[in-house]
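Residue numbers (the numbering used here), protein chains in the order written: chain A, 531 to 850; chain B, 3 to 236.
To be clear, the hints were calculated from the coordinates, so they are not data collected in a lab.
Positions of the beta carbon are idealized from the N, C-alpha and C atoms, including for glycine.
It is possible that part of the hints are untrue.
What the hints assert, rightly or not - The calculated lysine to aspartate or glutamate pairs, modelled on EDC-like cross-linking and capped at a C-alpha distance of 20 angstroms, are:
hint, chain 1, residue 1, chain 2, residue 2
1, B, K129, B, D115
2, A, K650, A, E735
3, A, K722, B, D112
4, A, K722, B, E74
5, A, K722, B, E96
6, B, K107, B, D126
7, B, K152, B, E56
8, B, K152, B, D112
9, B, K129, B, D111
10, A, K722, B, D111
11, B, K152, B, E74
12, B, K152, B, D216
13, B, K28, B, E225
14, A, K722, B, D113
15, B, K65, B, E27
Said to hold, decoys possible - If you anchor each label on the Cβ, the simulated ranges turn out as follows:
hint, chain 1, residue 1, chain 2, residue 2, range
16, B, D216, A, R578, 29 to 37 angstroms
17, B, A15, A, F672, 44 to 52 angstroms
18, A, I634, B, D216, 15 to 23 angstroms
19, B, D111, A, A719, 17 to 25 angstroms
20, B, D115, A, I658, 46 to 54 angstroms
21, B, Y13, A, I658, 30 to 38 angstroms
22, A, L713, B, T7, 27 to 35 angstroms
23, B, G164, A, A719, 30 to 38 angstroms
24, B, A15, A, A648, 13 to 21 angstroms
25, A, V749, B, P91, 18 to 26 angstroms
26, B, D112, A, M698, 48 to 56 angstroms
27, A, F712, B, R211, 55 to 63 angstroms
28, A, R641, B, R125, 51 to 59 angstroms
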Amino acid sequence: MSGIFQFLSAHFHILHITFWPLLVGGIANGFIYSLIAIGYTMVYGVLRLINFAHSEIFMAGGFASYFLLHALIGHSTPSTGGSILFMALGMLSGGLCGMLVAVILERVAYRPLRRRNAPKLAYLISAIGASYFMFNLAGKEFGRYNLSMAQPFVNHSLFTIFGAPVQMYYIVIVAISAAMLFLLDRIVATTKLGRGIRAVAQDAETASLMGVNIDQTIVVTFMLGGFFGGLAGFLFGMSSGVVYTMGFTPALKAFTAAVLGGIGNVRGAMIGGLLLGIVESFSIAFVNGAFIDVVAFAILVLVLLVRPTGILGEQLGRSA
Amino acid sequence: MLQVTDTIVRYGAITALHGISFNVEKGEIVTLLGANGAGKSTTLRMLSGLHAPESGTISFEGKDLTQVRAHEFTRLGISHVPEGRRIFPQMTVEENLEMGGFVRKGSFDDDVDQIYSSFPILRDRRKQLGSNLSGGEQQMLAIGRALMSKPRLILLDEPSMGLAPKIIQQIFEIIGEIREQGTTVLLVEQNAAQALRLADRGYVMENGRIVLSDTAENLLHDERVRAVYLGEGV
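Make the full structure from the sequences, and use the hints.
Spelled out as structure tokens, the structure:
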């Protein structure tokens, strides 16, 4: 009995010291999951298929920004103005490369199947094949070691919350992700483009009767998801470096986050990502850090047992 | 205005339309009658690009539409109110109407207003989701949505299906008004008597073929039509 008490008090003691740092780190990671989850959820919304090659979009974004920043910054330390410029370039190169890879994927791995009305299983196989192809190609071309990204800014502690130092890195990730996710939410909810995407997600045939070009809408959806995935690859690579297998675990977790929030639901992906990041982070205080991935998937199973359609339900349609 | 010539449509091994020909003139209400599975809905789906004909031609205002894809039809002036209404369930009434105007450029708030004056109930419900409307409201919304693209020809697939008699009456009055305002109507209906009373001409379909065509007046008094579609013994 006293043993259990000691165990709990020891762990809550850790939590007491580390609550704020764990929360900050969890939120930052969670936002990265959210950015990746957007791609899964939007493509699922319009095509009812899981783009299992999305992990390689993330990886490609990471590598694109790595090469660009490596060439521009090298080993120097950028000035403040330089930092902002390099961040913008990192985001753009990661996002645009993710977008490009997503469009190629749609063209090569999915559209031919769609034309032939292939069964869902064919898409899955095609996605896994494309994923293996891409990450092995990256491994062959870029080497199989983790490459540290040239840092666009000096990562010092910016301020403290309740005594916990908050690093610049976290602030940058949270600010960029929150702004981008807000922008996406508005695009989907209020623009003509967003209306077209939602219409295809809710009833593709009727959307085409309204004059929505379904093929074009699907490409745009891949582009948006690809941009966010590639951007996430850059933000992730900034702290963890880039390597050809970098996409696998974060993307699988982001997929979990998308299902957690309600696959097909853009806001669900955002909430699911954040929740997963935070819970995962706190699990470190209670169990060995090596169990972190176990916790993520245990949560997925538990949530789905209670709410099979995820937290917000399965609907890309909603505007608000 | 619309000329369909010898069109054949197949779903895989099944032939849905065995070479049908008919025409619709500007300002008319033309109705297609027939039992379930006769090919009425397939005909409308062909006329909005959802199923391209294997052979034959579709010509609209002198343009050949035979191989045009679905999303182009709205731009060319043909609007389709699909069977079962197909309201976007997770969009509000207003968003559904905006979807109807998807192909138009610029503001169309005046037209949304005009739809609301024709269907006041939709104005009251404009912030509600499509899935929360009653069948009659959904049908009005589906028609309003189709009118948003300012079509010159509107295709109506079973607009009275599943509705109460009072609502059906209202829907048929609306169809009459649509024609008054200058839009040509091609109407598919199970409710043959009411459709024929409203229409100028009609075609009767059986097993993917047109078996009878005449003025609505004559069809209404045709013994075969009365026996089979109006439910009256000869």
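Hints and how they fare:
Between the alpha carbons of K129(B) and D115(B) the distance comes to roughly 14 angstroms, so the proposed pair stays at or under 20 angstroms and holds. For the suggested pair K650(A) and E735(A), the alpha carbons sit about 19 angstroms apart, so the restraint of at most 20 angstroms is met. Distance restraint check for K722(A) and D112(B): the Cα-Cα separation of roughly 18 angstroms lies within the 20 angstroms cut-off, and the hinted pair is therefore satisfied. At most 20 angstroms may separate the alpha-carbon atoms for a hinted pair to count; K722(A) and E74(B) meet this at roughly 17 angstroms.
The suggested pairing of K722(A) with E96(B) holds, with an alpha-carbon distance near 13 angstroms, which does not exceed 20 angstroms. In summary, the hint linking K107(B) to D126(B) is not supported, as the alpha carbons are separated by about 26 angstroms, beyond the 20 angstroms threshold. Pair hint K152(B) plus E56(B) does not hold up; C-alpha atoms about 29 angstroms apart against a cutoff of 20 angstroms. Between K152(B) and D112(B) the alpha-carbon distance is near 12 angstroms, which keeps this suggested pair within the 20 angstroms criterion.
For the suggested pair K129(B) and D111(B), the alpha carbons sit about 15 angstroms apart, so the restraint of at most 20 angstroms is met. For the hint linking K722(A) to D111(B), the alpha-carbon distance of about 14 angstroms falls within 20 angstroms, and the restraint holds. A hinted pair counts as satisfied when its Cα atoms are at most 20 angstroms apart, and K152(B) with E74(B) qualifies at roughly 14 angstroms. Of the pairs offered as hints, the one joining K152(B) and D216(B) is violated, with about 29 angstroms between alpha carbons and a cut-off of 20 angstroms exceeded.
Of the supplied pair hints, the one linking K28(B) and E225(B) is violated, its CA atoms being roughly 29 angstroms apart against a limit of 20 angstroms. Of the supplied pair hints, the one linking K722(A) and D113(B) holds, its CA atoms being roughly 17 angstroms apart against a limit of 20 angstroms. Proposed proximity of K65(B) and E27(B) is supported: the alpha carbons are some 15 angstroms apart, at most 20 angstroms. Taken as a hint, the range 29 to 37 angstroms is violated for the pair D216(B) and R578(A), whose Cβ atoms sit roughly 46 angstroms apart.
Separation of A15(B) from F672(A) is about 51 angstroms and conforms to the stated range, judged on CB atoms against 44 to 52 angstroms. Distance hint check for I634(A) and D216(B): the Cβ-Cβ separation is about 57 angstroms, which falls outside the suggested range of 15 to 23 angstroms. Remark: the range hint 17 to 25 angstroms for D111(B) to A719(A) is upheld by a beta-carbon distance near 18 angstroms. For D115(B) paired with I658(A), a C-beta distance near 52 angstroms keeps the hint of 46 to 54 angstroms intact.
Restraint check, Y13(B) to I658(A): a C-beta distance of roughly 32 angstroms satisfies the suggested window 30 to 38 angstroms. For L713(A) and T7(B), the Cβ-Cβ distance of about 51 angstroms falls outside the hinted range of 27 to 35 angstroms, so the restraint is violated. The supplied range of 30 to 38 angstroms is met by G164(B) and A719(A), whose beta-carbon atoms lie about 32 angstroms from each other. In this structure, A15(B) and A648(A) meet the distance hint of 13 to 21 angstroms, their C-beta atoms being roughly 19 angstroms apart.
Take V749(A) and P91(B): their Cβ atoms lie about 25 angstroms apart, and the range 18 to 26 angstroms holds. The hint said 48 to 56 angstroms for the Cβ distance between D112(B) and M698(A), and at roughly 52 angstroms that hint holds. As the Cβ distance of F712(A) to R211(B) is approximately 57 angstroms, the hint placing it in 55 to 63 angstroms holds. As the Cβ distance of R641(A) to R125(B) is approximately 42 angstroms, the hint placing it in 51 to 59 angstroms is violated.
Violated hints, in rising order: 6, 7, 12, 13, 16, 18, 22 and 28; the structure is consistent with all others.
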